[in-house]
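A.B. asks: If you want the building blocks of each chain, they are given just below.
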Amino acid sequence: MAATVTMIALAASACGSDTTSGGSNSGGDADPKTLTVWQMGAGSPEQTKFLDGVEEEFKKKHPGTDVVVKYIPWPQVATTFQKAASGGEGPDVTEVGNTDVQSHIEQGNLADISDKLKAWDEGKDLNTGALANDQADGKTYAVPWYGGVRGVWYRKDWFTELGITPPKTWDELRAAAKKIQDAKGVPGIAAPSDQTNAILSFVWANGGDVAVKEGGKWVGKLDQPAAREAIDFYAGLVAKDKVAPDKYVGKNELQGPQQDFALGTLGMYIDGSWALPQMQKVKDDLANWGTFPIPGKSGGTAPVFSGGSDLAVWKSSKAQGVAFDYITVLNSKKNAQAFADTLKFLPQFTDVLKSSKYTDDPLMSAFAAASAGGVKFTPTSKGWAEFEQAKKVIPNTVKEIMQGKSAEDELKKANEQANTLLNAA
Amino acid sequence: MTHTVAAPHRPPGRVPTGTKARRRRPSFGPYLLIAPTLVVIAALMFWPILQIGTMSVQKIGNRELRGEPAQNVGLDNYRAIAGDELFWTSLKHTMLFVVAAVTLTVVVGTLIGLLLNSLGKRMSATVSAGVMIAWATPPVTAAIIFTWLFGTTGGLANWILEQLPDWLVGGNWTDYNWFGSPLPTYIVLTICVVWQSFPFVAVSILAGLRGVPSELYEAARVDGAGPWRTFWSITFPLLRPIFLVVLVLSVIWDFKVFTQLFIMSGLANRDAFNLSMYAYSEAFGSLNPKLGVGSAIATVLTLILLAVTAVYVRIMVRQGEVA
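Order-wise, the sequence lines are chains A and B. Residue numbering for the first sequence follows the working numbering, starting at 1 and increasing by one per position. Residue numbering for the second sequence follows the working numbering, starting at 1 and increasing by one per position.
These are computed hints drawn from the structure, not numbers from a lab. A hint or two may mislead.
Dumping the calculated DSSO-like pairs for lysine-lysine here, alpha-carbon to alpha-carbon at most 30 angstroms [as the list claims (entries may be wrong)]:
(1) A:Lys344 to A:Lys124
(2) A:Lys281 to A:Lys357
(3) A:Lys376 to A:Lys217
(4) B:Lys59 to A:Lys217
(5) A:Lys156 to B:Lys92
(6) A:Lys139 to A:Lys49
(7) A:Lys118 to A:Lys61
(8) A:Lys318 to A:Lys118
(9) A:Lys333 to A:Lys376
(10) A:Lys297 to A:Lys124
(11) B:Lys256 to A:Lys221
(12) B:Lys59 to A:Lys405
(13) B:Lys121 to A:Lys83
(14) B:Lys59 to A:Lys412
(15) A:Lys283 to A:Lys179
(16) A:Lys139 to A:Lys412
(17) A:Lys213 to B:Lys59
(18) A:Lys240 to A:Lys297
(19) B:Lys59 to A:Lys83
(20) A:Lys413 to B:Lys121
(21) A:Lys344 to A:Lys354
(22) A:Lys412 to B:Lys121
(23) A:Lys315 to B:Lys59
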């Protein structure tokens, strides 16, 4: 019943918007022959199977449309979108990394789906924080699909053996790492320099930030004491306390920490809930792995960045109404939860997140608790992609500090870069 | 009275080579024949170079990619680069790397070429096959293999170095981070690039050696010259053109190395950048491309390489051999 009502509402709104704008479709959306859907990442048989199921469900509403799914590996994402934006072939529906949405909106790549969203029944339960990231000037350009947060993976058996409880403060974290290192002869924790989103949790936990929008301009806050203390702590794990090894300097969490933790030569490391399938491929030691939220400085949990993907309709798509219909099927509460489960992410519906399914899960509860504790987003500036991915300002800064340079000087330079890049026209 | 002079007797079939100057008509035939090739080369090579030169004085971002006309910013892009400390560091890294890599490539390649020349048929085929595999390996594959070899999780290099006695190589090799600072990174990069490039030099030298008459070597042996003397007195002078070609090509290729460095240390290690990584991180790598700056860096790189090529051409012309 609800589905039929939704369908009629959607069809009505699609017809309505077409006649008022004299749109490109003749009298409402006739089923296009194909609907192109772009998915990020290398894809997997499980994902393909899931999308086939979604296509079947979608075909109930649009029997004449074939869904063509194209996988775009993450390293090629930027250039693929560049090509599509500069006149090449674009998709109808696309997955977009949530940190890239604002850049896409600025470039005018995404269609305005505010009306379609209002007409979507389940849409009102979408996580408001995540949805805000997809909006600009009061209009919505994408909907959140799944998100993941980071926590600390640790060796449950070693903690029990050495009498350590999951740390709740930074000092406890440092002490736990030292204890593991002394007793087991392996590094206590991994602190790779190329992990912006984990480092930011520490900065946010201390009340700092990368940049804050003041009067329409982004003002860098990396040179403030709050940010400096946090980065001193993180870099200090390698440089001063020596509880994190320097073999991960210049690397990200997937270039050593993940493999070493799975193999049992590392006590703790920071990664997201999605890391579990990857770690199990290295060595299935699930019984000995546990998670706890990144601790706040003197208690509580650190705010975490919710990295994930959103779904959007491409501006130059010729079947925008149908494209949004596909999104409502792909991102229905049922499908979103099923899909998020396969990847070990979290769906973006608030009521689903608060359900017992997540609070009772031994591994996922830490991540759900972290999300509940506070999800923060990186600056929604279109220059953020360059700051984080092309220039990797924070990883390079942290690396210099870990190798002995003055934190004050390096953070000042990083702050200047933040001011330039985040305010770039 | 008219005096008839007999026409000079010409044996049949002899081409007249008289002192009468031959009237030369410029023949367009040859030029017409090479014209298609020239057009294609001009289109594929000169046009992009001109475009890059033009773009280097403009500001080009996403809006311009979608059709807005690009605005001319004069030499701003060049000034931005010249003022950037990282540009000079990258240039320094590139130059030093080229010197080291080219020297090693040419030396190793020459030695292997000499080896292949003196081996018997079967052994020569075996060594050739091994050498070809190194050459045929795609740069990405080679980079991934070397990253693993010199990595800390299961890396072979660190394991071997740890097994060797401390007085020889020092201690603490197990967790040594090869990609944490520029010098070790470039050592690994040099090994990887030399491994991939020496086969070309070896094959070229081998081809050249086949053309050296063996009497020269016999004469040298009779005169009592050792291998070192033989090489510098006979082989090197005769193979000089090949060495020059190989040298210039190696310099040009090693200047442009990108793939291996991107995989080994990547964008998270700016202190180890070379010129191509610097260009990439300025121009691409994010959703807001800055193709004007990227073009400026590419232009600088092209000018440096053109200078190298000019030196080569000058040496060749000076030797009286047209390239």
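A.B. asks: Now, for every hint given, state plainly whether the structure supports it.
C.D. replies: Cross-check of the supplied hints:
no.	hint	in the structure
1	A:Lys344 to A:Lys124	24 angstroms, holds
2	A:Lys281 to A:Lys357	25 angstroms, holds
3	A:Lys376 to A:Lys217	19 angstroms, holds
4	B:Lys59 to A:Lys217	22 angstroms, holds
5	A:Lys156 to B:Lys92	49 angstroms, violated
6	A:Lys139 to A:Lys49	33 angstroms, violated
7	A:Lys118 to A:Lys61	19 angstroms, holds
8	A:Lys318 to A:Lys118	21 angstroms, holds
9	A:Lys333 to A:Lys376	23 angstroms, holds
10	A:Lys297 to A:Lys124	35 angstroms, violated
11	B:Lys256 to A:Lys221	38 angstroms, violated
12	B:Lys59 to A:Lys405	34 angstroms, violated
13	B:Lys121 to A:Lys83	52 angstroms, violated
14	B:Lys59 to A:Lys412	28 angstroms, holds
15	A:Lys283 to A:Lys179	24 angstroms, holds
16	A:Lys139 to A:Lys412	36 angstroms, violated
17	A:Lys213 to B:Lys59	26 angstroms, holds
18	A:Lys240 to A:Lys297	18 angstroms, holds
19	B:Lys59 to A:Lys83	18 angstroms, holds
20	A:Lys413 to B:Lys121	62 angstroms, violated
21	A:Lys344 to A:Lys354	16 angstroms, holds
22	A:Lys412 to B:Lys121	65 angstroms, violated
23	A:Lys315 to B:Lys59	25 angstroms, holds
The earlier numbered hints that this structure contradicts are 5, 6, 10, 11, 12, 13, 16, 20 and 22.
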